[in-house]
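Kindly produce the complete structure, drawing on both the sequences and the hints.
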Amino acid sequence: MKGIFKLAFINFGVWHKLFSNLLNVVIIHKTNQKTGKMAHVILFSSNVELAYDKLIKYYQLRFQIEFNFRDAKQYWGLEDFMNVSKKAVYNAANLAMFMVNLSSALLQQNSSGLFGSSVNDLKAWFRARKYVLNTLKCTSQNADPIFIERTIHQVSSLGRVNPSVCQT
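In this text, residue positions in the sequence shown follow our numbering: the first is -17, and each later residue adds one.
Among these hints, one or two may not hold up.
When the alpha-carbon atoms are kept at most 27 Å apart in a straight line, the in silico DSS-like pairs for lysine-lysine are as follows [claimed, not checked]:
no., residue 1, residue 2
1, Lys55, Lys68
2, Lys16, Lys(-1)
3, Lys(-1), Lys19
Distance ranges between label pairs, derived from CB positions [stated by the list, open to error]:
no., residue 1, residue 2, range
4, Asn29, Asn144, 36 to 46 Å
5, Arg132, Ala33, 49 to 59 Å
6, Thr121, Ser86, 28 to 38 Å
7, Leu43, Asn76, 39 to 49 Å
8, Lys119, Gln15, 54 to 64 Å
9, Leu43, Leu115, 18 to 28 Å
Simulated from the structure, these hints should not be mistaken for laboratory data.
Glycine residues also receive a C-beta, built at the ideal position from the N, C-alpha and C atoms.
Structure, rendered in structure tokens:
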């Protein structure tokens, strides 16, 4: 993907018609050099002294924070917890954010494709591992480690969103 897109930045001040403050506006013009398709992004700030590259970085950080909260709500139960005390809310929020960071780190280190490519795939793999190991404990037989890993892979594929790259 590198080298395919051409970026142009336009930075200027503009007056808003509803209030008397000057706004710092950055327009990012992105062109796909292969297809010729263009896209524009417009960023605003009330700080007219802020350089365009800093404004872009601030927006990137802001959206990363928003995506982390979305993941905490969507995948790690932040939206569903029923805590009302200050300490319980604090603990639930921190646990959800910890899980967002842990799952992100696990997926980044997942070069073998064992966990799949999404948080749902990661959760399916760990859930399958737990179910298979607990089921094998009930049989009181020693299973071959290759059989165990193959079974975990097969069970985790039932809950996966994306097909696994790793074939066992």
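Original post:
Is 18 to 28 Å a correct range for the gap between the Cβ atoms of Leu43 and Leu115?
Top reply: Given about 40 Å between the Cβ atoms, the range is violated.
Original post:
Is the distance from the Cβ of Lys119 to the Cβ of Gln15 consistent with 54 to 64 Å?
Top reply: Holds, since Lys119 and Gln15 (Cβ atoms, about 58 Å apart) stay within the stated range.
Original post:
Lying within 28 to 38 Å: is that true of the beta-carbon distance Thr121 to Ser86?
Top reply: holds (36 Å)
**OP:** State, for the Cβ atoms of Asn29 and Asn144, whether the hinted interval 36 to 46 Å holds or is violated.
**Re:** holds (41 Å)
Subject >> Holds or violated: Lys16 to Lys(-1), with C-alpha atoms at most 27 Å apart >> reply: Roughly 39 Å between the alpha carbons, so the hint for Lys16 and Lys(-1) is violated.
Original post:
Should the hint that Leu43 and Asn76 are 39 to 49 Å apart at their CB atoms be regarded as holding?
Top reply: Check failed, 20 Å falls outside 39 to 49 Å.
Original post:
Has the given pair, Lys55 with Lys68, been kept, meaning a C-alpha gap of at most 27 Å?
Top reply: holds (18 Å)
Original post:
Lying within 49 to 59 Å: is that true of the beta-carbon distance Arg132 to Ala33?
Top reply: holds (55 Å)
Original post:
Between Lys(-1) and Lys19, does the CA-CA distance stay at or below 27 Å?
Top reply: violated (32 Å)
When each numbered hint is compared with the structure, violations occur for hints 2, 3, 7 and 9.
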